[in-house]
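2 protein chains.
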Amino acid sequence: MDENLLGIIAGVLTSVAMLPQLIKVIRQKNADDLSWGMLMVLISGLSLWVWYGFLKDELPIIISNAFAVIVNVTLLICCMIYKKKSS
Amino acid sequence: MDENLLGIIAGVLTSVAMLPQLIKVIRQKNADDLSWGMLMVLISGLSLWVWYGFLKDELPIIISNAFAVIVNVTLLICCMIYKKKSS
Numbered sequence: 485m486d487e488n489l490l491g492i493i494a495g496v497l498t499s500v501a502m503l504p505q506l507i508k509v510i511r512q513k514n515a516d517d518l519s520w521g522m523l524m525v526l527i528s529g530l531s532l533w534v535w536y537g538f539l540k541d542e543l544p545i546i547i548s549n550a551f552a553v554i555v556n557v558t559l560l561i562c563c564m565i566y567k568k569k570s571s
Numbered sequence: 485m486d487e488n489l490l491g492i493i494a495g496v497l498t499s500v501a502m503l504p505q506l507i508k509v510i511r512q513k514n515a516d517d518l519s520w521g522m523l524m525v526l527i528s529g530l531s532l533w534v535w536y537g538f539l540k541d542e543l544p545i546i547i548s549n550a551f552a553v554i555v556n557v558t559l560l561i562c563c564m565i566y567k568k569k570s571s
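Chains A and B, in that order, are what the protein sequence lines are.
Sequential numbering from 485 applies to the first sequence in the working numbering.
Sequential numbering from 485 applies to the second sequence in the working numbering.
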């Protein structure tokens, strides 16, 4: 299979799988299940994958990880807005 | 920065960020927050990333996505064992 096509399909699947959590948090206005510390670790890792994608000049890696950064930064913002309980 | 080192650091960060959910589900013996449908989509996507890594011969991509497959297959198994409520 063409590598780029494979990467795009893989990226779409892993991106789609992220959305339900984001939708749930926004709908319920509740981010108690999220850990901002882990989100920061995840966002750092995903940002490095974007950098890796640029170094390797691989568009599927850049796009899917950049999308994941956007989703998780949004979750982090939700975390800051909605989180009430001490954690 | 060396591309492989960057990929390894990125992979470690995104892998570490996955573990708290797995630990929480196993400790609480509760998988009600998980959706087996989304786990299947995620595992499919991650498996394709492993395949992509093999095609491109990129070890950081292979290792980090293979690890993610293992974590999410474990979550899927937990889902089948612990999930009680209709969903």
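To be clear, the hints were calculated from the coordinates, so they are not data collected in a lab.
Among the hints, a few may not be true.
What the hints assert, rightly or not - Below, computed lysine-lysine pairings styled on DSSO-like, alpha-carbon distance capped at 27 Å:
no., chain 1, residue 1, chain 2, residue 2
1, B, K513, A, K567
2, B, K513, A, K508
3, A, K508, A, K567
4, B, K567, B, K508
5, B, K540, A, K567
6, A, K508, B, K540
7, A, K540, B, K513
8, B, K508, A, K513
9, A, K513, B, K567
10, A, K513, B, K513
11, A, K540, B, K540
12, A, K513, A, K567
13, B, K513, B, K567
Unchecked claim - Derived CB-CB ranges, DEER-like:
no., chain 1, residue 1, chain 2, residue 2, range
14, B, A550, A, I510, 30 to 38 Å
15, A, D516, B, D541, 36 to 44 Å
16, B, K513, A, L539, 41 to 49 Å
17, A, M564, B, L539, 36 to 44 Å
18, B, I565, A, K513, 28 to 36 Å
19, B, L543, A, V500, 21 to 29 Å
20, A, L503, B, P504, 19 to 27 Å
21, B, L503, A, L543, 26 to 34 Å
22, B, I510, A, D516, 13 to 21 Å
23, A, R511, B, F538, 32 to 40 Å
By construction, the Cβ of each residue, glycine as well, lies at the ideal position given by its N, Cα and C atoms.
Consistency of the hints with the structure:
1. B:K513 with A:K567: Holds, at roughly 24 Å.
2. B:K513 with A:K508: holds (22 Å)
3. A:K508 with A:K567: holds (14 Å)
4. B:K567 with B:K508: Holds: K567 (chain B) and K508 (chain B) sit about 14 Å apart, inside 27 Å.
5. B:K540 with A:K567: violated (41 Å)
6. A:K508 with B:K540: violated (36 Å)
7. A:K540 with B:K513: violated (41 Å)
8. B:K508 with A:K513: holds (22 Å)
9. A:K513 with B:K567: Holds: K513 (chain A) and K567 (chain B) sit about 24 Å apart, inside 27 Å.
10. A:K513 with B:K513: holds (25 Å)
11. A:K540 with B:K540: Holds, because 10 Å separates the two Cα atoms, which is no more than 27 Å.
12. A:K513 with A:K567: Measuring from Cα to Cα gives roughly 9 Å; hence the hint holds.
13. B:K513 with B:K567: Distance ~9 Å between K513 (chain B) and K567 (chain B) Cα, so the pair holds.
14. B:A550 with A:I510: 30 to 38 Å: For A550 (chain B) and I510 (chain A) the Cβ distance comes to about 32 Å; the hint holds.
15. A:D516 with B:D541: 36 to 44 Å: holds (43 Å)
16. B:K513 with A:L539: 41 to 49 Å: Holds - the Cβ-Cβ distance for K513 (chain B) and L539 (chain A), about 43 Å, lies within 41 to 49 Å.
17. A:M564 with B:L539: 36 to 44 Å: holds (40 Å)
18. B:I565 with A:K513: 28 to 36 Å: holds (31 Å)
19. B:L543 with A:V500: 21 to 29 Å: Given about 26 Å between the Cβ atoms, the range holds.
20. A:L503 with B:P504: 19 to 27 Å: holds (20 Å)
21. B:L503 with A:L543: 26 to 34 Å: Check passed, 29 Å falls within 26 to 34 Å.
22. B:I510 with A:D516: 13 to 21 Å: holds (20 Å)
23. A:R511 with B:F538: 32 to 40 Å: Distance hint for R511 (chain A), F538 (chain B) holds at roughly 38 Å.
Going through the hint list in order, the structure does not satisfy hints 5, 6 and 7.
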